[in-house]
Amino acid sequence: MELSESVQKGFQMLADPGSFDSNAFTLLLRAAFQSLLDAQADEAVLDHPDLKHIDPVVLKHCHAAAATYILEAGKHRADKSTLSTYLEDCKFDRERIEQFCTEYQNNKNSLETLLGSIGRSLPHITDVSWRLEYQIKTNQLHKMYRPAYLVTLNVQNTDSQSYPEISFSCSMEQLQDLVGKLKDASKSLERATQL
Amino acid sequence: MLLELSEEHKEHLAFLPQVDSAGQGARGRCSVGWGGGPKAAPGTQEPLTFIAVVAEFGRIAVEFLRRGANPKIYEGAARKLNVSSDTVQHGVEGLTYLLTESSKLMISELDFQDSVFVLGFSEELNKLLLQLYLDNRKEIRTILSELAPSLPSYHNLEWRLDVQLASRSLRQQIKPAVTIKLHLSQNGDHNTKVLQTDPATLLHLVQQLEQALEEMKTNHCRRVVRNIK
Chain A
1 MELSESVQKG FQMLADPGSF DSNAFTLLLR AAFQSLLDAQ ADEAVLDHPD LKHIDPVVLK
61 HCHAAAATYI LEAGKHRADK STLSTYLEDC KFDRERIEQF CTEYQNNKNS LETLLGSIGR
121 SLPHITDVSW RLEYQIKTNQ LHKMYRPAYL VTLNVQNTDS QSYPEISFSC SMEQLQDLVG
181 KLKDASKSLE RATQL
Chain B
1 MLLELSEEHK EHLAFLPQVD SAGQGARGRC SVGWGGGPKA APGTQEPLTF IAVVAEFGRI
61 AVEFLRRGAN PKIYEGAARK LNVSSDTVQH GVEGLTYLLT ESSKLMISEL DFQDSVFVLG
121 FSEELNKLLL QLYLDNRKEI RTILSELAPS LPSYHNLEWR LDVQLASRSL RQQIKPAVTI
181 KLHLSQNGDH NTKVLQTDPA TLLHLVQQLE QALEEMKTNH CRRVVRNIK
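Protein chains in written order, with full-length UniProt numbering: chain A, 1 to 195; chain B, 1 to 229.
No false leads were mixed into what you were given.
Covered by chain A, per the in silico footprint, the following chain B stretches (three or more residues, Cβ under 8 Å):
1. 134 to 147
2. 178 to 186
3. 190 to 196
4. 208 to 221
DSS-like mimics (lysine-lysine), calculated; alpha carbons at most 25 Å apart, straight line:
5. LYS193/B - LYS181/B
6. LYS91/A - LYS9/A
7. LYS80/A - LYS108/A
8. LYS183/A - LYS181/B
9. LYS217/B - LYS229/B
10. LYS137/A - LYS229/B
11. LYS217/B - LYS183/A
12. LYS137/A - LYS138/B
13. LYS80/A - LYS91/A
14. LYS217/B - LYS181/A
15. LYS181/A - LYS193/B
16. LYS9/A - LYS52/A
17. LYS138/B - LYS104/B
18. LYS187/A - LYS175/B
19. LYS138/B - LYS143/A
20. LYS181/B - LYS181/A
Calculated directly from the structure, the hints in this document are not laboratory data.
Idealized CB from N, CA, C, for every residue including glycine.
Could you build the full structure based on these sequences and the hints that come with them?
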């Protein structure tokens, strides 16, 4: 885990009981996690009355350092000993290290879910709907009498947040072919989970 | 159900019986077959029978349906039969229309014979036309079915099992996914779509589509298929 000097300086300031008393430390820690994980996080998360006495520049610097560190730790799936080592290097006392690790542990799952959801992927199928029809005639051809299916796949694009649909028609044989192939895929998925 | 033949149509088709007399005149002068076919060896003098000529027209008509008009064939035929190229074209188009309308409506043999009877052709010509209709009906219906408005239709599906191990934003993941390549075709062009889904959705898709297939076997659908014919 490579962290910049700015992050280290921020943490060193955070470690100092003179700049951040224990109440302020708790508040800042909570604010850092909240602004990352809470979707409705208020922009004024640092506007707490108990943080007013601290220089806003220092406050912002430490908040940014904490947030950066939390993301890096989450990305690399850091364990408690990695966290402790780094925080010790930044001159954190035992109590503050414990506090940080507990807070991190409580939010670990949400953090990893959030990080896992970032990224590009292929359009994702979310649902399928189908329609069975019986074709009787067209203006070009009378007396058709044949069943047909219309299948629509609901698809979600991760980056554009659009929801295009893919529709296609197929005969009964073609649908059987399609279902057969999807069943093969799911069987091989089952087998892979048993390895 | 009888076919309705317009006056213009009857005129065009009236050319066919005349082929008989024209054919007689052409005896001994031409090689078998015309149009784009290979020339027979020199010295062959097969007489152009009436049946052969009408059959040939039938063949041209079906080719016209498959591939569109070929003016060269009309010219060749017109020369050999001593008639204008327009007459040949109208004759072919008349025959084509007769065949497509009959195939579209899927009329029975009896109805076809009754419809053609109105034209006042000879017994032999009527039989020939009926045979032409029956022989080509299935193919013509296939061609006509391609004219219907259509959505992209399913062609093939390829799948692949993937497991995402890491990404730029998160290391050490195990995220299974199924990548699917769906081949669709519309009006002759093929296109493919590459999609992805997770295992839970895959099972859901299989379950839903199996239900769709089961529907065809229910009493309701069976009754509809049985009774609407």
